[in-house]
Structure formats: structure tokens, C-alpha cells
Amino acid sequence: MNYTNFYSKWARFALFNFVLLATLGVLLRYKIVFRLPFVEQKHLLHAHSHFAFAGWVSLALYIAIIYVLQPSEKKLRQFEWILVAQQMSSFGMLFTFPFTGYDTGSIAFSTASIFVSYAFTWLAIKEMLQQNINVIVRKFLITGLLCNVVSSAGTFILAYLMATRNLQQDLYFGSVYFYLHFQYNGWFLFTIVGIFFAALQQLITPANSKDLNRFFYCLLLALIPAWFLSLMWMRIPGWMYYLAVTAAVIQLPALGYLLQFVYRNRYAINSRLKPVVKWFWIIAGTAFALKILMQGLSAIPQLNTYAFGLRSIVIGFLHLVLLCFVSVFIVGWFFQEKLILLNKRAATTAAWIFVSGVLFNEVLLMLQGVRAMQSQPFAIANYFLLAAACIILTGLLLLLIKQKTSKAKA
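Under this note's numbering, think of the first position of the sequence shown as 73, with each following residue one higher.
In case anyone wonders, no lab produced these hints; they're calculated from the structure.
The beta-carbon is built from N, C-alpha and C at its ideal position, and this holds for glycine as well.
Keep in mind that the hints are not guaranteed to be accurate.
As the list claims (entries may be wrong) - No farther apart than 30 angstroms at their CA atoms in a straight line, the calculated lysine-lysine pairs in the DSSO-like style are these:
| hint | residue 1 | residue 2 |
| --- | --- | --- |
| 1 | K416 | K146 |
| 2 | K350 | K476 |
| 3 | K416 | K363 |
| 4 | K147 | K416 |
| 5 | K146 | K363 |
| 6 | K198 | K476 |
| 7 | K114 | K363 |
| 8 | K211 | K198 |
| 9 | K147 | K81 |
What the hints assert, rightly or not - Here are the computed distance ranges between Cβ atoms for each label pair:
| hint | residue 1 | residue 2 | range |
| --- | --- | --- | --- |
| 10 | R417 | P278 | 28 to 34 angstroms |
| 11 | F228 | P109 | 23 to 29 angstroms |
| 12 | F450 | W424 | 24 to 30 angstroms |
| 13 | L324 | F167 | 19 to 25 angstroms |
| 14 | R237 | K81 | 43 to 49 angstroms |
| 15 | I354 | F245 | 33 to 39 angstroms |
| 16 | R107 | N204 | 55 to 61 angstroms |
| 17 | R443 | Q142 | 33 to 39 angstroms |
| 18 | R443 | A191 | 42 to 48 angstroms |
| 19 | D175 | P109 | 16 to 22 angstroms |
| 20 | I308 | N342 | 33 to 39 angstroms |
| 21 | Q142 | A451 | 33 to 39 angstroms |
| 22 | R344 | F245 | 28 to 34 angstroms |
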């Protein structure tokens, strides 16, 4: 098996899925501004969110983890079957949710995706423990994989509530936020950090390991109690509130340890990264820092009411993490490892079009959130958000087209 072709092939599949996801984003934004009677907004939104998690982010992270592991040809074939199953379940959700919403078919495909994640976690952790992988990298990747498994509990609880028609608000939103928390702050965060350190593992010296271990344990200690931050709009017990505040505080020194590692090794990191990748990861790192700071501020009860009571604030935060941090980092990683090629000026231009659309989108969402906090209408933002979605789609589509005319380098 040609290993380079394997990874580049699957990276392009992931990029293709990202293009489809961006297309759904354009349709959602178009539906808000103009009439589109044959599209059910709620169903399309479910398709968008499920495909974002399964068809884009999880698939891309699976590919990255396999790349870090560099398994034997026999194991690689096993992993490929899992990737195929992930694609099938993702496309099943893509073609059922828009037409039926939560129904037998869409639920079956989303459940299949969960069991695929179990299979991948088992195989990846087994392979990780058999290989001589950097200890720091292994800690982050295993934690991320386990968080992906844990997050599924929220999905199953939600399914039970819907099946029994017990849609009590606190239980319903508690399960939703449980799933989102362990995806965003567990699976996505720990895995991306692990992949980042794997790309720079030559810099993980004994001196650096001390700070990176502290960074890991701060994030790990904050992981479970940080879920309570998203529940503070409920009437939660006092002990939950204090744990939530503690989690918010613990994450601040965690950010400091990471920044210290990056600053101490800034020249070595700069020399290892392609110019485009450097800027992509600066954007992703800034988004990560903003995420930590915003979670810290959400520990203040008055601000927490705004954060989880205003839909525009919630959407802005979710896109900050999913687009600015997670997606920009992943695309940059694909560039760094030459799985997505930038060997033509048009491809580089496409990459910058994509990232400019992402930044434009986030600025608009944040402005919309601020105006909502002030109870001031900002209807024109929807037109600009549609434009931002079109810019993102244009950049990704051009980038994908340019891959068709390029040959992967060994």
C-alpha cells in the first residue's frame, strides 16, 4: 500500500466533506434572509451540525491520529475500514436529517457513527500502547479519544428523553451540553493539542515536558467541572457553582503553560512551519486563548446569563471553537504534512480566501452577540453572514479543485 496516497486520499475526502458542510452553511444562511420554502430550517440545521462533527471534524481527526501512529499495512487496512464506515454513517446523516429530522433512519446512522467511534478508539489506543510514542502526545490523544466515547452518553440520554417524551428542559439541555462539552473541550481540544505536539515532538525536551505536563493536568482537572459552566443558567447546587468557578480559574494557568512553551521555542517552531501554516495556527491559537478567557468570564453569573441565554452568543462561541480553532488548525495541519497541497499560487490564494471568510464570519457573529446584549437589532448582519458563508465555501471549493490538478508528494 502506498502510505502517502492513503493519507492524501483520505485528507481529500475530509476536505470534500468540509465543502459539503460549507454548502449546508450557505443554504442555512440563505434560508434566514430569503425564501426557500422546500427546505425545513430545523432539519437542515440538524444535518449541518451532525455532519460537521462526524463528516468533517471527527473524520479529519481520525486521519490525523492514524498519521501520527504510522501503523503497519495490516493495521492500516483495519483503520481504513473504520474510515469507510465513518463516511457511510456521515453521509447517511447528511441525506436523512434534511428530509426527516430526527427519525428512524437519521437516528440509526448517528448511532452507527457512535459505534464507529468506539471501534476507532479501541484500535487506536491499542496501537498507541504498543508503539513508542512520545508520552505527552500519547496522554493528549488517549484523553481525547476517551472523551469522544464519554460524550456519547449525552446522546443516549437525549435519545431516551425523546423516546419517553420526557422533554423536561433542564434534563434536555443538560444532555445536549454534556455532549457538546466533551466534544469541544474533550475530543476536539485534547486531540488537536496532541497532534500539535506530535508535529513538534523534537522540541519536547525534559525541560519543556514539565510545563506540558502541567498544561495537560490543568486541562484534565478542569474537564469535568467545566461542564457545570454551561449549566449555571439552571438552579444548580452551590457546590456545582464553586467547582465551575474553580474549573474556569484552573484553565488560565493551563493557557499560560502552553504560551510559555510556544514562546520559549518560537524560533524553532517558526523554522519548522510553512508560512501559511504559521498564520493558520496563530489564528487557531488565538481562538483557543479567547475560548479559555470567555469560559473564565462565563463563571460570572451575570455574564453567564448572557452567554447561554442569547442564541447569537452561543452560536458565536460554537463557531469560534469549531471554525476558528478546530477547522483552521486541521486545514493548517493538512498543509504542514503535505496531505493537502499548496504548490500552486491558486491553492494558496484559496486557503487565504477560506480563512478570511472564517474571520469575517466570527467578527459578524460577535458583533451580532454584542448588539443582542444591548437589545439592539442588527438585521443587516444576516446578509453579511450569508456573504461570509459564500466566501468560506468559495475558498474551500477552489482548494479542493486545485487538489485535483496536483499530485501528492512523497
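Checked hints:
1. K416 / K146: Violated - the C-alpha atoms of K146 and K416 are around 35 angstroms apart, more than 30 angstroms.
2. K350 / K476: This hinted pair holds, its Cα atoms lying about 25 angstroms apart.
3. K416 / K363: violated (34 angstroms)
4. K147 / K416: Given that 30 angstroms is the threshold and the Cα spacing comes to 34 angstroms, the pair is violated.
5. K146 / K363: Between K146 and K363 the Cα gap is close to 40 angstroms, so the pair fails against 30 angstroms, i.e. violated.
6. K198 / K476: violated (35 angstroms)
7. K114 / K363: Holds, at about 27 angstroms.
8. K211 / K198: The given pair, whose Cα atoms are some 13 angstroms apart, holds under the 30 angstroms limit.
9. K147 / K81: holds (17 angstroms)
10. R417 / P278: 28 to 34 angstroms: Hint violated: Cβ distance 42 angstroms, outside 28 to 34 angstroms.
11. F228 / P109: 23 to 29 angstroms: violated (35 angstroms)
12. F450 / W424: 24 to 30 angstroms: holds (27 angstroms)
13. L324 / F167: 19 to 25 angstroms: Violated, since L324 and F167 (Cβ atoms, about 44 angstroms apart) do not stay within the stated range.
14. R237 / K81: 43 to 49 angstroms: holds (45 angstroms)
15. I354 / F245: 33 to 39 angstroms: The hinted range 33 to 39 angstroms holds for I354 and F245, with Cβ atoms some 34 angstroms apart.
16. R107 / N204: 55 to 61 angstroms: holds (59 angstroms)
17. R443 / Q142: 33 to 39 angstroms: violated (49 angstroms)
18. R443 / A191: 42 to 48 angstroms: holds (45 angstroms)
19. D175 / P109: 16 to 22 angstroms: Holds: the Cβ-Cβ distance is about 21 angstroms, inside 16 to 22 angstroms.
20. I308 / N342: 33 to 39 angstroms: violated (45 angstroms)
21. Q142 / A451: 33 to 39 angstroms: violated (52 angstroms)
22. R344 / F245: 28 to 34 angstroms: violated (43 angstroms)
The structure fails to meet hints 1, 3, 4, 5, 6, 10, 11, 13, 17, 20, 21 and 22 from the earlier list, while all remaining hints are met.
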